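With the hints as extra help, turn the sequences into a complete structure.
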Amino acid sequence: MCMIFAICAFATCGGYSGHLRVRVECLDKSQSNLSITVNFAYPFRLQKVHFQPTLCERNRQESIFLVGDYSSSAQFFVTVAVFAFLYSLMATVVYIYYQNKYREGNRGPLVDFVVTVLFAFMWLVSSCAWAKALSDVKSATDPTQVLLLISACRYPANRCSASHHPVWSELNTSVVFGFVNFILWTGNIWFVFKETGWYKTGQRYPMRSASGRRANGMSQRLYSQSSFDQSGDSFYQHPYSQGSFNQSIGSFRLPQTSLGQPIIISQGDVTCKGLNPIIFVNDI
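Numbering (mature numbering (1 follows the signal peptide of the UniProt record, and there is no 0)) for the sequence shown: -17 to -1, 1 to 267.
Treat the hints loosely; a few may be bogus.
Stated by the list, open to error - When the alpha-carbon atoms are kept at most 16 Å apart in a straight line, the in silico EDC-like pairs for lysine to aspartate or glutamate are as follows:
{"id": "1", "residue 1": "Lys121", "residue 2": "Asp52"}
{"id": "2", "residue 1": "Lys115", "residue 2": "Asp52"}
{"id": "3", "residue 1": "Lys12", "residue 2": "Glu40"}
{"id": "4", "residue 1": "Lys121", "residue 2": "Glu87"}
{"id": "5", "residue 1": "Lys31", "residue 2": "Glu8"}
{"id": "6", "residue 1": "Lys84", "residue 2": "Glu153"}
Unchecked claim - Here are the simulated distance ranges between beta carbons:
{"id": "7", "residue 1": "Asp52", "residue 2": "Val100", "range": "27 to 35 Å"}
{"id": "8", "residue 1": "Gln44", "residue 2": "Ala140", "range": "35 to 43 Å"}
{"id": "9", "residue 1": "Asp125", "residue 2": "Met(-15)", "range": "33 to 41 Å"}
{"id": "10", "residue 1": "Leu10", "residue 2": "Lys115", "range": "37 to 45 Å"}
{"id": "11", "residue 1": "Met(-15)", "residue 2": "Asp119", "range": "26 to 34 Å"}
{"id": "12", "residue 1": "Trp173", "residue 2": "Ala24", "range": "36 to 44 Å"}
{"id": "13", "residue 1": "Glu153", "residue 2": "Met73", "range": "24 to 32 Å"}
{"id": "14", "residue 1": "Ser152", "residue 2": "Thr20", "range": "15 to 23 Å"}
{"id": "15", "residue 1": "Val76", "residue 2": "Leu131", "range": "47 to 55 Å"}
{"id": "16", "residue 1": "Ser(-1)", "residue 2": "Glu45", "range": "21 to 29 Å"}
{"id": "17", "residue 1": "Asn89", "residue 2": "Asp119", "range": "43 to 51 Å"}
{"id": "18", "residue 1": "Val150", "residue 2": "Ser46", "range": "38 to 46 Å"}
{"id": "19", "residue 1": "Gln128", "residue 2": "Gly(-3)", "range": "20 to 28 Å"}
{"id": "20", "residue 1": "Val65", "residue 2": "Asn89", "range": "41 to 49 Å"}
Since the hints were derived computationally from the structure, they do not count as laboratory data. All values derive from a computational prediction rather than experimental measurement. From the three backbone atoms N, C-alpha and C, an ideal C-beta is built for every residue, glycine too.
Set out below in C-alpha cells:
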C-alpha cells in the first residue's frame, strides 16, 4: 500500500508539465499576437521560464521571465516519495524472505521503527512544503498576473486577455497523495512498534492504574480476612474431636493370642505335659 501511494505521489508531481496562453490585441491589428503560450514543468524554476510577447510597435518583441523558484519544495517532495518507495520495497523483501534475520537480536524491528517514524515526519514536512509551493506556483502562473508583466498590456488602447489556464488537477492530487502517505506511515508506527522489545517489555510488566491498584489491594484484604476466618474456625475445631476419638478407639484392637485352656494342678503335682500354660494355685 505504501509503495503504491508513494509511486502516485512522485509520478503526479515529478511528471507534471503545464502551460498557459494569453492574447494581446494591439490597436494596430497587424501587430497583434493572439496566441502567446507559456510552458512550465517540474521542478518549477519559473525564473528560467520566458516568453516573447509583442510590443505592438513595428513587430518588436520583448523577453519576459516568470517570477519564483519553487524547485526546492517540489524536489524535496519527490525525493521523499522515491526513498519511501525504495524502503517499502526493501522492507517487503525482508519481511517475506528474511524474517528470521529480521527478528534476530531485535535489531530489525528497532531499525524499522526508527525509519518508519522518520518517514512519517518527512512526509508531513514535505507535503506541507509542497502544498505551500503549489499555491505560490498557481499565483505566479495565473494568466492575469502574467498579463501584468507584458508591457503592451499596460496601455489602455491594447486589449489583453487569457485564452487558456493551466490545469492543476494533477498537482492537487499529488498533495493529497502526500498527506495520505503521511497517514499510512503514521499508522505503520503502531504495527512496527508491536514488533520491538519495548512493546514486549510493556506487556510483561503492565502499568496498573490507581483504581486497579485499589481494587487489587481490596481483593487481597478480603482474601486474607477469609483465610484468617477459616484458620480460626479450624483452630476451635480440634482435629481430635470426640467422634473421631471414639472412632479411633473403636478401630484400635490388641493382637489376639490363643492361650488354650488353663490346667489347674495342685502344689504337689509339678509334672507338666503339653504346651499349654501352667497356672499354680495355692490352696489356703
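Hints, one by one, checked against the model:
1. Lys121 / Asp52: Holds. Lys121 to Asp52 sits at ~12 Å (cutoff 16 Å).
2. Lys115 / Asp52: Holds, at about 13 Å.
3. Lys12 / Glu40: 11 Å, holds
4. Lys121 / Glu87: 51 Å, violated
5. Lys31 / Glu8: 26 Å, violated
6. Lys84 / Glu153: 41 Å, violated
7. Asp52 / Val100: 27 to 35 Å: Given about 31 Å between the Cβ atoms, the range holds.
8. Gln44 / Ala140: 35 to 43 Å: Distance hint for Gln44, Ala140 is violated at roughly 18 Å.
9. Asp125 / Met(-15): 33 to 41 Å: Given about 35 Å between the Cβ atoms, the range holds.
10. Leu10 / Lys115: 37 to 45 Å: 41 Å, holds
11. Met(-15) / Asp119: 26 to 34 Å: For Asp119 against Met(-15), whose Cβ atoms are near 30 Å apart, the range 26 to 34 Å holds.
12. Trp173 / Ala24: 36 to 44 Å: Because 39 Å falls inside the window, the suggested range holds.
13. Glu153 / Met73: 24 to 32 Å: Given range 24 to 32 Å: holds, Cβ gap about 28 Å.
14. Ser152 / Thr20: 15 to 23 Å: 20 Å, holds
15. Val76 / Leu131: 47 to 55 Å: 54 Å, holds
16. Ser(-1) / Glu45: 21 to 29 Å: 25 Å, holds
17. Asn89 / Asp119: 43 to 51 Å: 45 Å, holds
18. Val150 / Ser46: 38 to 46 Å: 26 Å, violated
19. Gln128 / Gly(-3): 20 to 28 Å: Holds, at about 25 Å.
20. Val65 / Asn89: 41 to 49 Å: 29 Å, violated
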